[in-house]
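With full-length UniProt numbering, the residue at position 130 of the sequence shown is 130, and numbering never jumps.
No lab work stands behind these hints: they were computed from the structure.
From a predicted model like this one, the values you see are computed outputs, not experimental measurements.
Honestly, I wouldn't trust all of these hints.
What the hints assert, rightly or not - Taking CB as the label site, the calculated pair distances span:
1. Ala218 <-> Gly18: 28 to 36 angstroms
2. Asp59 <-> Ala108: 16 to 24 angstroms
3. Ala94 <-> Pro158: 21 to 29 angstroms
4. Leu182 <-> Pro203: 25 to 33 angstroms
Claimed, not checked - In silico lysine to any residue, SDA-like type, Cα no more than 20 angstroms apart, as pairs:
5. Lys102 <-> Leu119
6. Lys102 <-> Arg130
7. Lys102 <-> Ala50
8. Lys102 <-> Ser155
9. Lys85 <-> Arg130
10. Lys102 <-> Ala73
11. Lys256 <-> Pro7
12. Lys102 <-> Asp70
13. Lys102 <-> Arg77
14. Lys85 <-> Glu113
15. Lys256 <-> Gly36
16. Lys85 <-> Ala108
17. Lys256 <-> Arg206
18. Lys102 <-> Arg169
19. Lys102 <-> Leu62
20. Lys102 <-> Asp51
21. Lys102 <-> Gly18
22. Lys85 <-> Leu32
23. Lys85 <-> Ala118
24. Lys102 <-> Pro67
25. Lys256 <-> Ala33
26. Lys102 <-> Gly156
27. Lys85 <-> Asp20
28. Lys102 <-> Glu113
29. Lys102 <-> Pro161
30. Lys102 <-> His79
31. Lys85 <-> Arg169
32. Lys85 <-> Gly38
33. Lys102 <-> Val53
C-beta: ideal position from N, C-alpha, C; glycine also.
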Amino acid sequence: MSVFNAPAVVGHRGFGRGADSGYRENSAESYLAAVGAGAHWIEIDVRRTADDVLVVHHDAALPDGRPIVDLPADVCREHGLLTLKEAFAAVPDAVGVDVDVKTVMEDAVDPPERRTTALLLPAVRREAERRRAAAGRERVIVCSFDPAVLMDVRSGAPEIPLAWMPFVRNPLDQAVAGAAGLGCELVAIDARSFGLTGDPERPGRRGVAYTADIAHRAGLEVLAWCPDPVDAARFTAAGVDAVVVDDVPGVVAALKSH
Numbered sequence: 001m002s003v004f005n006a007p008a009v010v011g012h013r014g015f016g017r018g019a020d021s022g023y024r025e026n027s028a029e030s031y032l033a034a035v036g037a038g039a040h041w042i043e044i045d046v047r048r049t050a051d052d053v054l055v056v057h058h059d060a061a062l063p064d065g066r067p068i069v070d071l072p073a074d075v076c077r078e079h080g081l082l083t084l085k086e087a088f089a090a091v092p093d094a095v096g097v098d099v100d101v102k103t104v105m106e107d108a109v110d111p112p113e114r115r116t117t118a119l120l121l122p123a124v125r126r127e128a129e130r131r132r133a134a135a136g137r138e139r140v141i142v143c144s145f146d147p148a149v150l151m152d153v154r155s156g157a158p159e160i161p162l163a164w165m166p167f168v169r170n171p172l173d174q175a176v177a178g179a180a181g182l183g184c185e186l187v188a189i190d191a192r193s194f195g196l197t198g199d200p201e202r203p204g205r206r207g208v209a210y211t212a213d214i215a216h217r218a219g220l221e222v223l224a225w226c227p228d229p230v231d232a233a234r235f236t237a238a239g240v241d242a243v244v245v246d247d248v249p250g251v252v253a254a255l256k257s258h
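Kindly generate the complete structure, drawing on both the sequences and the hints.
Pasting the structure below:
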């Protein structure tokens, strides 16, 4: 069974990154606003604290510069960060959750049981099972820039679909081939890698439809992250299965009118 009912709209950090959305990113209010605007999935960012609690925050540090991995969970919560458990509870059961796992340098040397993925596995397995039972289909995926996360999740929770997310502007060739080689079900590609509307042509870069076709033939579903409404409609028309977006209402409207 496919993960997405294409084309799927995924709210980036909820209703969008930063303060322009009108909501604090990665907050319960932001998640619910995105769902209310038509998002089918919510993307959240997960990282660990000094006392081995998983919290939801994109950046490595608080706005004052203190790294989250150096802070206890109670300090993070005083600054408004949700725990992963609270974030899961804030997203309605019928809505999917795209868990973007942010590893830290300390994962290279800390005891295995303290590393980000080890902390994540029991929580994400429980949530995936709960949402699968409630919705009757897969409602949790794990994605990461870090291939080691994907390898660990595949080993410890083989039932959970995985998405490799190559870094910004990563060439399409390596994105698709790499995700297939890692045994992922999905590949999450920076919209800029496809070429945004108005960008000059890049010699040798494959088109969106060609890329989606190759990915599908390899057994991969394709997410594009952070296209605007114009490019979201263009990408999904060319076969991209899901778009992770900041402008949820704009993208939902664009897909309906395309």
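The hints, checked one at a time:
1. As the Cβ distance of Ala218 to Gly18 is approximately 34 angstroms, the hint placing it in 28 to 36 angstroms holds.
2. The hint said 16 to 24 angstroms for the Cβ distance between Asp59 and Ala108, and at roughly 20 angstroms that hint holds.
3. Between Ala94 and Pro158 the beta carbon distance is about 24 angstroms. The supplied range of 21 to 29 angstroms therefore holds.
4. In this structure, Leu182 and Pro203 meet the distance hint of 25 to 33 angstroms, their C-beta atoms being roughly 28 angstroms apart.
5. For the hint pairing Lys102 with Leu119, the CA-to-CA distance comes to about 12 angstroms; that is within 20 angstroms, so the pair holds.
6. Our distance criterion of 20 angstroms between C-alpha atoms is broken by Lys102 and Arg130, whose separation comes to about 23 angstroms.
7. For the hint pairing Lys102 with Ala50, the CA-to-CA distance comes to about 14 angstroms; that is within 20 angstroms, so the pair holds.
8. Annotation: proposed proximity of Lys102 to Ser155 holds, straight-line Cα distance about 18 angstroms (limit 20 angstroms).
9. A threshold of 20 angstroms between alpha carbons decides the hint, and for Lys85 with Arg130 the separation of about 13 angstroms falls inside it, so the pair holds.
10. Between Lys102 and Ala73 the alpha-carbon distance is near 16 angstroms, which keeps this suggested pair within the 20 angstroms criterion.
11. With a C-alpha separation of about 10 angstroms, the suggested pairing of Lys256 with Pro7 holds against the 20 angstroms cut-off.
12. For the suggested pair Lys102 and Asp70, the alpha carbons sit about 15 angstroms apart, so the restraint of at most 20 angstroms is met.
13. A threshold of 20 angstroms between alpha carbons decides the hint, and for Lys102 with Arg77 the separation of about 18 angstroms falls inside it, so the pair holds.
14. As the CA atoms of Lys85 and Glu113 are separated by approximately 19 angstroms, the hinted pair is consistent with the 20 angstroms bound.
15. For the proposed pair Lys256 and Gly36, the alpha carbon gap of about 16 angstroms is at most 20 angstroms, so the pair holds.
16. Pair hint Lys85 plus Ala108 does not hold up; C-alpha atoms about 25 angstroms apart against a cutoff of 20 angstroms.
17. Restraint check for Lys256 and Arg206: not satisfied, since their Cα atoms lie roughly 27 angstroms apart, outside the 20 angstroms limit.
18. About 19 angstroms separates the Cα atoms of Lys102 and Arg169, which keeps this hinted pair within 20 angstroms; it holds.
19. Between Lys102 and Leu62 the CA atoms are separated by roughly 14 angstroms; this keeps the pair inside 20 angstroms, and the hint holds.
20. Only pairs whose Cα atoms come within 20 angstroms are accepted, and Lys102 paired with Asp51 is accepted, the gap being roughly 16 angstroms.
21. For the suggested pair Lys102 and Gly18, the alpha carbons sit about 18 angstroms apart, so the restraint of at most 20 angstroms is met.
22. Between Lys85 and Leu32 the CA atoms are separated by roughly 16 angstroms; this keeps the pair inside 20 angstroms, and the hint holds.
23. Between Lys85 and Ala118 the alpha-carbon distance is near 15 angstroms, which keeps this suggested pair within the 20 angstroms criterion.
24. Between Lys102 and Pro67 the alpha-carbon distance is near 13 angstroms, which keeps this suggested pair within the 20 angstroms criterion.
25. As the CA atoms of Lys256 and Ala33 are separated by approximately 19 angstroms, the hinted pair is consistent with the 20 angstroms bound.
26. Of the pairs offered as hints, the one joining Lys102 and Gly156 holds, with about 18 angstroms between alpha carbons and a cut-off of 20 angstroms not exceeded.
27. At most 20 angstroms may separate the alpha-carbon atoms for a hinted pair to count; Lys85 and Asp20 exceed this at roughly 26 angstroms.
28. Between the alpha carbons of Lys102 and Glu113 the distance comes to roughly 16 angstroms, so the proposed pair stays at or under 20 angstroms and holds.
29. Taken as a hint, the Lys102 and Pro161 pair is honoured in the structure, with Cα atoms around 17 angstroms apart against an allowance of 20 angstroms.
30. The suggested pairing of Lys102 with His79 holds, with an alpha-carbon distance near 19 angstroms, which does not exceed 20 angstroms.
31. Simply put, Lys85 and Arg169 have alpha-carbon atoms about 32 angstroms apart, too far for the 20 angstroms limit, and the pair is violated.
32. For the suggested pair Lys85 and Gly38, the alpha carbons sit about 23 angstroms apart, so the restraint of at most 20 angstroms is broken.
33. Taking the CA atoms of Lys102 and Val53, the gap is near 13 angstroms; set against the 20 angstroms cutoff, the hint holds.
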